[in-house]
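Just so you know, the protein sequences line up as chains L and C, in that order.
Take the first sequence: its letter number 205 is residue 205 in this note's numbering, and every next letter is one higher.
Take the second sequence: its letter number 282 is residue 282 in this note's numbering, and every next letter is one higher.
What the hints contain is simulated information worked out from the structure, not anything from laboratory work.
Do not take every clue at face value.
Claimed, not checked - For each label pair, taking beta carbons as the anchor points, the in silico distance ranges come out as:
(1) C:5 with L:129: 53 to 61 Å
(2) L:109 with C:263: 44 to 52 Å
(3) C:82 with L:14: 25 to 33 Å
(4) L:57 with C:77: 28 to 36 Å
(5) C:32 with L:129: 30 to 38 Å
To be verified - Here are some, though not all, of the chain L residues that point toward chain C, as calculated from beta-carbon distances under 10 Å:
(6) 51
(7) 52
(8) 73
(9) 74
(10) 78
(11) 81
(12) 85
(13) 91
(14) 92
(15) 98
(16) 101
(17) 111
(18) 151
(19) 186
(20) 188
Glycine included, every Cβ here is placed at the ideal spot set by N, Cα and C.
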Amino acid sequence: MTTILRLQELSKAFGALTVADAMSYEVQQGEALGVIGPNGAGKTSMFNLITGTLKSNSGVIEFSGQNVTKWSAAKRSHAGIARSFQVPQPFSGMTVFENAMIAATQSAGMHGHQAENFCLEILDQTELLPKANVLAGSLTLLERKRLELTRALCAKPKLLLLDEIAGGLTEAECKSLVQTIKDIHASGVTIIWIEHVVHALLAVVDRLIVIDFGKKIAEGEPQAIMESAEVKEIYLGIEADA
Amino acid sequence: MEWLNPIVQGTLLGGLYALFAAGLSLIFGVMRLVNIAHGDLIVLAAYLGLTVTTATGMHPMAALVIVVPAMALIGYALQRGLLNQTLGDDILPPLLVTFGVSVIIQNGLLEVYTADPQTLNAGALETASVAVGGVTLGILPLLTFGIAIAVIWGLQWTFYHTSLGRAFRAVSDNQDIAQLMGLNRRHIFGLAMALALGVTAVAGILLGIRTSFDPSIGGGRLIFGFEAVIIGGLGNLWGTLIGGVILGVAQTIGAKIDPGWQVLAGHIAFLVILAVRPNGLFPRVSG
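Input sequences plus hints: build the corresponding full structure.
What follows is the structure, given as structure tokens:
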């Protein structure tokens, strides 16, 4: 197995607020890694650091064997890192198909009919094909989440970052989305998935890490992690209060 | 019949104003930049046309082959080298910097070309005309109007049917997400400014053939361009053409009543529309 992503001692603070505290872990090619932790633990900030929208204060990010710590978000996108947002952020004045085409032409560097056919395939896979010519701003929540996934996939990612993509969906919607994500994972895409809907997460991931106050506090096989005392106290304890 | 003539002439004049405005509208639409130097860039294009025609003896319309790419290059360099650095959450820095660019261009032109009024000599094209139903139409204004329609159609097509246009709209919609999709915002902005100044080059040459120009007239062209954009509604290029036509007709009707009222009548029409429809006549419906 080859390592696709390696974080080494990655740290980021906004004044007194630490969102990443000497974070280190590795993700193997083809793996699906789950990330859990209480709200405000720094999970989304970690994604922002990996995609390059946030710059770290110290530490190193390696992707596919290259040090990408100083790369721009656009360059990392070309290299094969794509993400979905917890709060969907489509180009709302453009159609679903055009949203997909931006990722396929700009990020994956495809052209013409090749790009169009690829986008249609992905839209079919994410079940948005019937909505291809609808303005993205008029989609429902599930459709917006699927568009986030579509756009990320149209970028032909080597590493796909999913940020609470199952949150806010009904049970049935969640089930069909999990199946789509399983298919994507089966096609060989490496996934890091932040999720509060734990049963959806556990249906897909091979390994879990737990983050609190910007620190990785546990890492390992999903069932073992969920049953560990640390997780029950920090993560599930807060969950029960909420 | 007495009023038909100014209305027709004003409509054709509107084509020129729409060309002044199209670049302004494009830049504002893509990067929310209000380019105060736009009028001076139109005048700069006219002077570049003058240099090319005097150096080579080319017809001013043929000189477009050189002036359009030259202005596009200037646009790309200006955007990458200067204006990109001013863009951010605050709209004041780009306003101040483009105002500075305006002053620099005016004084640079004054230094190189002096304050003497110049024209581009287009020969027979300047005076040729056709009579249609009792109204005499100049070939040049007709050509200008036709070019305006072609340019706006071309820009619309670029925006909605090309990969570059999609990139423009994506960056305009959400810059941060566009970056994550692999779009280099700085490069896209550079291309938008290049396209805008390419259109500006066309406007400058047509202006130079139609009237005499000197380094100080940029401000007035900027105002006409702004008025056309705002009458038509921000972000709507066909609206900009109609805005230009309304402004042109108001001016020619004003001039018909009293020759001194030409410019004033245009401003009054603008103020009335701004008072009645603050978003312009055809504002873009946001998605």
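Cross-check of the supplied hints:
1. For the hinted restraint 53 to 61 Å between residue 5 of chain C and residue 129 of chain L, the CB-CB distance of approximately 56 Å keeps it satisfied.
2. For the pair residue 109 of chain L and residue 263 of chain C, the beta carbons lie near 51 Å from each other, so the given range of 44 to 52 Å is met.
3. At about 31 Å, the beta-carbon gap between residue 82 of chain C and residue 14 of chain L stays in the expected band of 25 to 33 Å.
4. The supplied range of 28 to 36 Å is met by residue 57 of chain L and residue 77 of chain C, whose beta-carbon atoms lie about 35 Å from each other.
5. For the pair residue 32 of chain C and residue 129 of chain L, the beta carbons lie near 34 Å from each other, so the given range of 30 to 38 Å is met.
6. Evaluation of the residue 51 of chain L hint against chain C yields a held restraint, the C-beta minimum of about 6 Å falling below 10 Å.
7. The restraint placing residue 52 of chain L at the interface with chain C holds, with a minimum CB-CB distance near 8 Å, inside the 10 Å limit.
8. Taking 10 Å as the C-beta cut-off, the interface hint given for residue 73 of chain L holds, the closest approach to chain C being about 5 Å.
9. Taking 10 Å as the C-beta cut-off, the interface hint given for residue 74 of chain L holds, the closest approach to chain C being about 5 Å.
10. Because the closest C-beta pair between residue 78 of chain L and chain C is about 5 Å apart, less than 10 Å, the hint holds.
11. About 9 Å separates the beta-carbon of residue 81 of chain L from the nearest beta-carbon of chain C, less than 10 Å, and the hint is met.
12. The closest approach between the C-beta of residue 85 of chain L and any C-beta of chain C is roughly 8 Å, which is under the 10 Å cut-off, so the hint is satisfied.
13. Taken as an interface hint, residue 91 of chain L checks out: its beta carbon lies about 4 Å from the nearest beta carbon of chain C, inside 10 Å.
14. Interface hint at residue 92 of chain L: satisfied, since its Cβ lies 5 Å from the closest Cβ of chain C, which is below the 10 Å cut-off.
15. Given the 10 Å rule on beta carbons, the hint for residue 98 of chain L holds: about 6 Å separates it from the nearest Cβ of chain C.
16. Below 10 Å, beta-carbon pairs count as interface contacts, and residue 101 of chain L has one with chain C at about 6 Å; its hint therefore holds.
17. At about 8 Å, the closest approach between the beta carbon of residue 111 of chain L and any beta carbon in chain C falls short of 10 Å, and the interface hint on this residue holds.
18. The beta carbon of residue 151 of chain L comes within 7 Å of a beta carbon in chain C, closer than 10 Å, and the hint placing it at the interface holds.
19. Because the smallest distance between the Cβ of residue 186 of chain L and any Cβ of chain C comes to about 25 Å, over 10 Å, the interface hint for this residue is violated.
20. Residue-level restraint check for residue 188 of chain L is violated (minimum Cβ-Cβ distance to chain C is 21 Å; threshold 10 Å).
Comparing the model with each numbered hint stated earlier shows that hints 19 and 20 do not hold.
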